[in-house]
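Chains as they are written, first to last, in the numbering used here: chain A, 422 to 532; chain B, 7 to 118.
If you are wondering where the hints come from, they were derived from the structure by calculation, not from laboratory data. For every residue, glycine included, the Cβ atom is placed at its ideal position computed from N, Cα and C. Check the hints yourself; a few may be wrong.
Stated by the list, open to error - Subject to a maximum C-alpha distance of 30 angstroms in a straight line, what follows is the list of computed DSSO-like cross-link-like pairs (lysine-lysine):
| id | chain 1 | residue 1 | chain 2 | residue 2 |
| --- | --- | --- | --- | --- |
| 1 | A | K492 | A | K479 |
| 2 | A | K489 | A | K479 |
| 3 | B | K9 | A | K479 |
| 4 | A | K519 | B | K9 |
Stated by the list, open to error - What the simulated footprint calls covered on chain B by chain A, stretch by stretch (three residues with Cβ under 8 angstroms from a Cβ of chain A suffice, anywhere in the stretch; the number is not a length):
| id | segment |
| --- | --- |
| 5 | 46–54 |
| 6 | 109–116 |
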Amino acid sequence: GENVEQHPSTLSVQEGDSAVIKCTYSDSASNYFPWYKQELGKGPQLIIDIRSNVGEKKDQRIAVTLNKTAKHFSLHITETQPEDSAVYFCAALDNTGKLIFGQGTTLQVKP
Amino acid sequence: DVKVTQSSRYLVKRTGEKVFLECVQDMDHENMFWYRQDPGLGLRLIYFSYDVKMKEKGDIPEGYSVSREKKERFSLILESASTNQTSMYLCASSLGQLEHLFFGPGTRLTVL
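For reference, chain A alone in the conformation it holds in the complex (with noise of 0.2 angstroms):
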């Protein structure tokens, strides 16, 4: 079955700073690739996703790459706020349509 792993585990980086998380994954098949952010006290939320037929996407400060042939794909996000601070969960759709998860980073933006 499909295997997320994601890294950095927690990151640190000053406000302004950019910040880069990375995940790769092992079915070929997998053909979705979202970002939820959980910050204190509350449940996920997506922030953004990939589909495997497009190489990027931004959206303002965040975007994300996805690169089939290694199978990974990374989370950027420049600029970074203080609200930027959360921890950061990449997913991708397995072969019976479940999200499998990778095991979180937690970013630390200090003003």
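With chain A held as given, fit chain B onto it using these hints.
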């Protein structure tokens, strides 16, 4: 806005107790899910349901059961709670199987 509510934010139970975690969504979503969140392990799927009275096992169903008698409500049941079920439990719903998940705020369960 979709709202997914969970019956309790915090719950403390004793080993061997039967525990019910309730989840309600208000947007007529067909699909509902129960995940467990543990540090370093991410979100793991326990059970899911694509329709009323329908249920499917996820990746870690052992020790759990579910009930979906109405479209908007999905309950997770721990038949006999054990200490290794101490965790954060997240309920989610989605309109279609490939649509994004809307999560509730979670229930932090402690089993003593």
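Quick rundown of the hints versus the structure:
Taking the CA atoms of A/K492 and A/K479, the gap is about 19 angstroms. The hint holds against a cut of 30 angstroms. With a C-alpha separation of about 18 angstroms, the suggested pair A/K489 and A/K479 falls inside the 30 angstroms cut-off, and the hint holds. Straight-line distance between C-alpha atoms of B/K9 and A/K479 comes to about 26 angstroms, which keeps the hinted pair within the 30 angstroms bound. Between A/K519 and B/K9 the CA atoms are separated by roughly 21 angstroms; this keeps the pair inside 30 angstroms, and the hint holds.
Counting residues of the segment 46–54 of chain B whose CB lies closer than 8 angstroms to any CB of chain A gives 7, which reaches the minimum of 3, so the coverage claim holds. With a threshold of 8 angstroms between beta carbons, the proposed coverage of the segment 109–116 of chain B by chain A holds, since 4 of its residues qualify and at least three are required.
This entry satisfies every hint, going by the numbered hints stated previously.
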